[in-house]
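Using the sequences plus the hints, can you model the full thing?
Number of protein chains: 2
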Amino acid sequence: MVYADEGMWLFEQPPTKQVQEKYGFELTPEWLQHVQQSSIRFARRGSASFVSSQGLIMTNHHVGARNLHELSTPENNLLENGFYAKTFDDELPCKGLEIFVPVSSEDVTEKVNAVVTPEMSAEESQKSRNAVIATLEKEASAKESNQGKLRYEVTTLYQGGAYWLYGYKVYNDVRLVWAPEQTIAAFGGDPDNYEYPRYCVDCSLFRAYENGKPAKIEHFLKWSTDGVKDGELVFVSGFPGKTERSYTREHLEFQLDVYFPYRLQKLYRREVIYSTFGNRNIENQRRIADDLGSVQNYRKRAVGQLQGLRTPSLWKHLPRITPAKDSPEKKIMNACLTAYNGQYVAYDLFELGEAFNCQTFKIARMLVRLVYETEKPNSERLKEYRDGNLESLKQTLFADTPIYEDVEILKLTDSLNLIRDVYRGSWNSWVPVLDFDLSPKESATELILRSKVRDVAERKRIAEGGIKEIKYSGDPMIQLALRLEPIAKKYREDYENNVEAPITAAYAELAKKRFEKSGTSVYPDATFTLRLSYGAVKGYKEDDGTKVAPITTIAGMFDRAKKQKFKEPFDPPKSWKDGKTKLNPATPFNLVTTNDIIGGNSGSPLINTKGEVLGLAFDGNIYSLSNNFVYTETQSRCVSVHADVIIESLRKIYGADRIADELGK
Amino acid sequence: MVYADEGMWLFEQPPTKQVQEKYGFELTPEWLQHVQQSSIRFARRGSASFVSSQGLIMTNHHVGARNLHELSTPENNLLENGFYAKTFDDELPCKGLEIFVPVSSEDVTEKVNAVVTPEMSAEESQKSRNAVIATLEKEASAKESNQGKLRYEVTTLYQGGAYWLYGYKVYNDVRLVWAPEQTIAAFGGDPDNYEYPRYCVDCSLFRAYENGKPAKIEHFLKWSTDGVKDGELVFVSGFPGKTERSYTREHLEFQLDVYFPYRLQKLYRREVIYSTFGNRNIENQRRIADDLGSVQNYRKRAVGQLQGLRTPSLWKHLPRITPAKDSPEKKIMNACLTAYNGQYVAYDLFELGEAFNCQTFKIARMLVRLVYETEKPNSERLKEYRDGNLESLKQTLFADTPIYEDVEILKLTDSLNLIRDVYRGSWNSWVPVLDFDLSPKESATELILRSKVRDVAERKRIAEGGIKEIKYSGDPMIQLALRLEPIAKKYREDYENNVEAPITAAYAELAKKRFEKSGTSVYPDATFTLRLSYGAVKGYKEDDGTKVAPITTIAGMFDRAKKQKFKEPFDPPKSWKDGKTKLNPATPFNLVTTNDIIGGNSGSPLINTKGEVLGLAFDGNIYSLSNNFVYTETQSRCVSVHADVIIESLRKIYGADRIADELGK
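Chains G and D, in that order, give the protein sequences. So for the first sequence, our numbering puts the first residue at 42; every next one is plus one. So for the second sequence, our numbering puts the first residue at 42; every next one is plus one.
Certain hints may be false.
Copies of the same chain are indistinguishable here, so a pair counts whether it falls within one copy or spans any two.
Below 20 angstroms or equal to it, Euclidean Cα-Cα: the simulated DMTMM-like pairs (lysine to aspartate or glutamate) are [what the hints assert, rightly or not]: (1) LYS588 - GLU487; (2) LYS608 - GLU324; (3) LYS608 - ASP231; (4) LYS417 - GLU62; (5) LYS482 - GLU236; (6) LYS482 - GLU674; (7) LYS530 - GLU416; (8) LYS168 - GLU194; (9) LYS168 - GLU541; (10) LYS482 - ASP585; (11) LYS482 - ASP584; (12) LYS588 - ASP447; (13) LYS604 - ASP447; (14) LYS582 - GLU446; (15) LYS403 - ASP332; (16) LYS623 - GLU421; (17) LYS604 - GLU324; (18) LYS588 - GLU236; (19) LYS435 - GLU425; (20) LYS424 - ASP535; (21) LYS424 - ASP476; (22) LYS357 - ASP441; (23) LYS606 - GLU510.
Hints in this document: simulated from the structure, not taken from any laboratory.
Printed below as a string of structure tokens:
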């Protein structure tokens with residue numbers, strides 16, 4: 042039997058048999074341990090790896106972008122201009138950045154399940170499990186390991202089929218070493234996002250420090266000197282975030298018929314409305330850029346996922362059964378039906394706030410809830426207002442980020458129109474929260490311009506004022522959020538009780554059965570823990586028959602730029618245009634492989650059988666978007682930056698021989 | 042009482058009283074006759090006027106664009122480069138272009154209604170009326186008038202309250218004299234469409250010829266030498282296309298809840314999908330440009346109209362009544378309810394073809410219908426396949442316009458997704474026409490790539506082959522169109538019988554009542570016949586309070602371009618950038634007035650009390666889009682090119698003193 046290159050495998054339960062049979066390569070315990078301990082979880086954002094004995098860290102430019110943003114000054118935007126530290130001393134410390142190296146793991150399933158007795162209710166079982174998990178994490182963290190103190194986390198695998206205790210070595214002095222300009226890191230921008238051929242140097246380098254000095258690293262990945270061959274066996278080691286491969290047919294049908302069409306309806310309209318606003322002038326463009334970029338990315342992803350769901354081959358592996366009464370499948374079916382018949386949309390609009398999609402409303406809602414919830418005993422509060430979460434909630438609430446009135450009016454007008462489009466004739470029941478004496482645009486204008494909560498001092502004043510300050514507030518957005526509360530909470534309760542909880546419980550039940558049958562011969566759904574994927578360097582065919590070669594070159598990038606008349610986002614940075622003659626045009630740029638990856642894998646190293654770096658995974662092609670539900674080898678591809686273009690540009694564009702040398706080439 | 046500047050008035054029933062009372066100006070019969078006979082219907086596309094005794098015709102660049110396109114060669118794209126004829130001999134004849142000057146009119150209501158007897162059914166009445174109308178048109182056209190032979194058309198006014206026989210002098214030798222570059226004609230492109238301030242020279246000049254010489258014109262509009270004053274009384278004389286001001290509350294509610302949200306849902310997704318395709322590369326951009334431009338324009342219009350419908354003030358003039366049984370209002374309500382409950386959407390998707398939105402399907406459908414319908418007696422055919430319409434239908438069907446496979450796949454994939462989004466779980470009933478073994482993209486790819494009907498010769502072969510050729514065709518798109526026929530025709534019949542017909546009949550009934558009560562003291566809905574609108578030069582306030590001044594300048598255009606870094610569509614043509622220093626920066630560019638206009642008015646002259654040209658209407662602002670339903674003077678504005686910028690650019694940019702002199706300035 043030949044396996045597809047499927048799976049996000051635990052290092053503890055590697056696909057040894059599959060890789061041996063298909064590729065004739067043996068995954069030894071040493072190889073696995075070395076790769077595992079060279080792998081890094083970069084904050085809670087993505088993946089990375091150690092690439093030198095002196096703590097050099099490689100990740101994606103888009104994974105490190107937040108740090109580049111935070112290190113920028115009004116005079117020097119590091120996202121635009123890139124950055125290179127000529128010496129160790131020039132490397133820039135990233136405040137608050139932590140990276141996690143997985144150094145130990147232990148199966149604690151029995152310990153966790155030992156506290157559960159058959160007579161416990163589902164809620165009691167969960168409570169007991171949570172308690173033992175907290176104890177396990179605390180006890181382990183208190184111990185000194187041979188790598189110093191570790192941070193421990195218990196992760197639920199197989200939807201409750203297993204529990205694993207992971208120990209991470211944490212580095213919290215991490216410094217920026219090098220980043221190219223955004224225009225080459227994300228060359229092709231939204232038009233080329235999730236597409237291939239690609240030409241992105243989506244890479245940045247950081248360095249871990251210990252005691253003020255570059256960290257001494259035992260396990261790091263060497264740079265390959267062998268190049269990449271078509272068909273070659275390759276691995277990706279990283280932290281895939283979340284997959285939903287155990288979804289039942291009925292659950293996928295809900296996603297197919299309701300979730301994605303509704304989500305896309307919102308995204309399409311926003312993309313048009315935000316673009317139109319941005320195209321009016323350059324200042325508008327700047328103000329809306331983040332919102333627009335994120336809408337475009339979500340839209341492309343949703344289109345790809347829906348396209349996957351509408352591909353019949355995806356459904357072939359799902360049995361068409363009539364679920365028995367009281368079976369978990371039946372429970373999922375019923376919960377999906379409840380969601381299907383409007384509960385999901387109502388929850389999304391009124392509790393998740395999509396009906397009032399603007400910062401001003403989000404702030405007003407948080408103020409109202411902060412004041413009312415903190416009046417209650419901790420255990421009775423909405424979970425995001427419990428003591429453990431309050432600190433970070435307040436940080437968000439009182440952050441002084443710029444909010445633009447015109448963007449707020451634009452977004453709120455759109456959402457007020459959205460409610461009316463969705464509810465059509467029946468929105469009259471929204472009289473308590475909608476203003477029928479004004480048009481959506483007029484209401485939005487009044488609400489935004491009259492609200493004062495965009496002022497941080499005012500927010501603090503209201504929060505300190507407590508319930509009276511909220512109840513008798515003259516701020517119309519506070520008043521709106523307050524009037525909305527009973528409606529929103531009702532929808533939340535309905536949704537959590539009738540949809541979320543039964544679905545979660547039913548999947549746990551299903552997973553348990555499946556786990557009892559197959560054990561660890563199958564891989565668990567992604568959970569943002571370290572996984573290994575194997576695959577090969579391999580082109581593919583587009584739906585219309587066009588053949589796509591696996592590797593692009595520097596010449597190809599300049600060719601694409603030229604054909605696009607060097608218009609944004611196809612205009613490489615000045616450094617590349619000036620340095621063009623110095624570059625070897627045949628240098629490989631990006632490549633595609635059959636590895637099974639998903640969001641969270643961004644920044645993972647692409648490795649050969651020697652455990653050496655061949656590249657840096659940064660994206661999937663459009664077909665890979667349905668990896669969420671099922672992996673198909675025919676067209677789904679992982680897209681990586683080729684190792685060679687990193688070295689070539691470090692040396693010839695950025696004058697960073699120091700770093701290229703350190704990478705060992 | 043002070044009237045709003047409302048109304049698209051018949052020249053035969055002018056707003057003499059209103060203009061006298063509000064502005065103290067008397068509309069004399071001479072003034073009216075002069076303006077009427079200076080006005081032109083430009084083909085069936087828009088409005089225009091005579092502006093010299095030598096047959097010079099002024100219209101919008103966008104109205105004449107089709108002729109510019111047809112006169113372009115691979116070497117010289119007149120839309121891009123503009124055009125100027127240095128001498129009469131250089132003026133370019135426009136093949137097939139006809140312009141219509143309204144020179145006579147006669148109320149024939151009595152003659153038309155005389156043939157109807159009370160015992161006739163609605164259908165019989167209509168047949169008799171159509172017969173007498175055909176006779177009236179034929180008899181009048183046969184007569185020689187003092188202006189030679191005229192072309193006569195009977196127009197239904199007041200939804201059947203009145204019938205008028207219009208006589209048009211037709212010029213069919215029309216030549217292109219001057220057109221600026223598209224980049225200044227439509228400066229600001231989609232982002233500035235329906236917005237203000239504006240800076241467009243949306244103007245082109247043609248000339249009517251008779252017997253190979255410039256036509257001698259008695260009635261033409263002189264160029265004003267007085268400039269334009271804020272608050273000044275102005276008129277627009279032109280051919281507004283269609284308004285729906287007599288819609289009942291229930292009908293508007295259908296538009297508000299169903300028609301526009303559904304239409305926008307389609308437009309938003311198409312705009313995103315077409316843009317995404319276009320942004321991938323420059324060739325894509327070229328291929329999708331027309332589709333994208335038209336979607337953007339429709340979307341902006343629909344957003345504006347829906348915004349108008351969601352403005353409560355619009356509803357204030359509509360009585361909230363409980364319609365009596367058998368009343369026309371009740372009939373409209375019922376028909377709308379039928380449309381509301383799915384019939385409209387099904388009709389739109391399957392009969393209007395939005396479910397298979399691509400050229401290949403349109404052609405296949407036409408071939409199927411052409412063959413089957415022409416087998417039937419003329420009177421039993423679908424109306425577009427009756428003898429009178431066959432010639433133009435065949436012209437469309439056999440035209441060799443470029444069709445791109447990739448664009449076709451893109452559009453068809455989107456529509457196949459649209460059906461599934463709209464019908465959600467219940468699309469299983471579409472098994473006869475949808476392929477459930479392939480994804481929408483895969484089906485679309487197969488259907489498009491395997492169909493041969495994009496080849497004109499193949500189309501002709503199939504059409505000549507008759508029913509056998511259709512029935513046993515191996516072309517999958519022909520087969521799809523054939524399988525769809527019973528479904529599509531059923532929806533068409535349902536919609537026409539249960540929605541369209543009862544609504545039309547009920548409005549005629551309503552209109553008759555209203556006409557009997559008010560007669561000609563109110564103006565009829567727009568019908569693409571000549572109308573006069575009065576108003577004043579006047580700025581307005583945006584919803585957020587921003588004041589908008591009524592007149593822009595050349596300096597303002599350059600300033601906008603500079604602020605937009607001269608990026609498309611804000612990059613004026615080279616001729617303007619090179620000639621900038623020669624231009625007087627204070628020259629007025631565009632201006633807004635309170636005139637009540639709508640689509641079809643494009644190209645209308647803006648006239649002062651002396652009957653002189655002040656400008657050239659080319660657009661409305663975003664608030665004017667609800668003029669379709671109701672005119673509101675507060676923010677709704679007509680946007681015109683100022684006469685001065687036309688002269689300034691003719692002389693200083695285009696070296697067209699010959700023409701500027703002819704315009705008398």
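Going through the hints against the structure:
In the homo-oligomer, the alpha carbons of LYS588 and GLU487 lie at most 20 angstroms apart only across protomers (17 angstroms), although the nearest pairing inside one protomer, at 55 angstroms, exceeds that limit. Taking CA atoms no more than 20 angstroms apart as the test, LYS608 paired with GLU324 passes in both settings, with 19 angstroms inside one copy and 14 angstroms between copies. For a Cα distance limit of 20 angstroms, the shortest separation of LYS608 from ASP231 qualifies both inside one copy, at 13 angstroms, and across copies, at 19 angstroms. Neither within a single protomer nor between protomers do LYS417 and GLU62 lie at most 20 angstroms apart by alpha-carbon distance, with minima of 59 angstroms and 68 angstroms respectively.
In this assembly of identical chains, the alpha carbons of LYS482 and GLU236 lie at most 20 angstroms apart only when taken from different copies (16 angstroms versus 37 angstroms within one copy). Within a single copy, LYS482 and GLU674 get their C-alpha atoms only as close as 48 angstroms, which misses the 20 angstroms cut-off; across copies the closest is 18 angstroms, which meets it. Taking the shortest Cα distances, LYS530 and GLU416 sit within 20 angstroms of each other inside one copy (17 angstroms), while across copies they are farther apart (64 angstroms). When the C-alpha separation of LYS168 and GLU194 is checked against a cutoff of 20 angstroms, the pair qualifies only within one copy, where the shortest distance is 17 angstroms, while the shortest distance between copies is 83 angstroms.
In the homo-oligomer, the alpha carbons of LYS168 and GLU541 lie at most 20 angstroms apart inside one protomer (18 angstroms), although the nearest pairing across protomers, at 63 angstroms, exceeds that limit. In this assembly of identical chains, the alpha carbons of LYS482 and ASP585 lie at most 20 angstroms apart only when taken from different copies (9 angstroms versus 44 angstroms within one copy). For the homomeric pair LYS482 and ASP584, the shortest alpha-carbon distance between copies (8 angstroms) is at most 20 angstroms, but the shortest distance inside one copy (43 angstroms) is not. Taking the closest pair of Cα atoms, LYS588 and ASP447 come within 20 angstroms of each other only across two copies (15 angstroms); inside a single copy the shortest separation is 46 angstroms, beyond that limit.
For the identical chains of this complex, LYS604 and ASP447 are inter-copy neighbours only, at 19 angstroms across copies versus 36 angstroms inside a copy, given an alpha-carbon limit of 20 angstroms. Proximity of LYS582 and GLU446 under a CA criterion of 20 angstroms is satisfied inter-copy only: 17 angstroms between copies versus 47 angstroms inside one chain copy. Taking the shortest Cα distances, LYS403 and ASP332 sit within 20 angstroms of each other inside one copy (15 angstroms), while across copies they are farther apart (38 angstroms). In the homo-oligomer, the alpha carbons of LYS623 and GLU421 never lie at most 20 angstroms apart, since the shortest distance is 65 angstroms inside one protomer and 75 angstroms across protomers.
Taking CA atoms no more than 20 angstroms apart as the test, LYS604 paired with GLU324 passes between copies only; the shortest distance there is 9 angstroms, against 28 angstroms inside one copy. Taking the closest pair of Cα atoms, LYS588 and GLU236 come within 20 angstroms of each other only inside a single copy of the chain (14 angstroms); across copies the shortest separation is 45 angstroms, beyond that limit. For a Cα distance limit of 20 angstroms, the shortest separation of LYS435 from GLU425 inside one copy, 11 angstroms, qualifies, whereas the shortest one across copies, 66 angstroms, does not. In this assembly of identical chains, the alpha carbons of LYS424 and ASP535 lie at most 20 angstroms apart only when taken from the same copy (16 angstroms versus 53 angstroms across copies).
Taking the shortest alpha-carbon separations for LYS424 and ASP476, neither the intra-copy value of 31 angstroms nor the inter-copy value of 46 angstroms comes in at or below 20 angstroms. In this assembly of identical chains, LYS357 and ASP441 lie within 20 angstroms of each other by CA distance neither inside one copy nor across copies; the values are 51 angstroms within and 43 angstroms between. Neither within a single protomer nor between protomers do LYS606 and GLU510 lie at most 20 angstroms apart by alpha-carbon distance, with minima of 58 angstroms and 47 angstroms respectively.
Violated hints, in rising order: 4, 16, 21, 22 and 23; the structure is consistent with all others.
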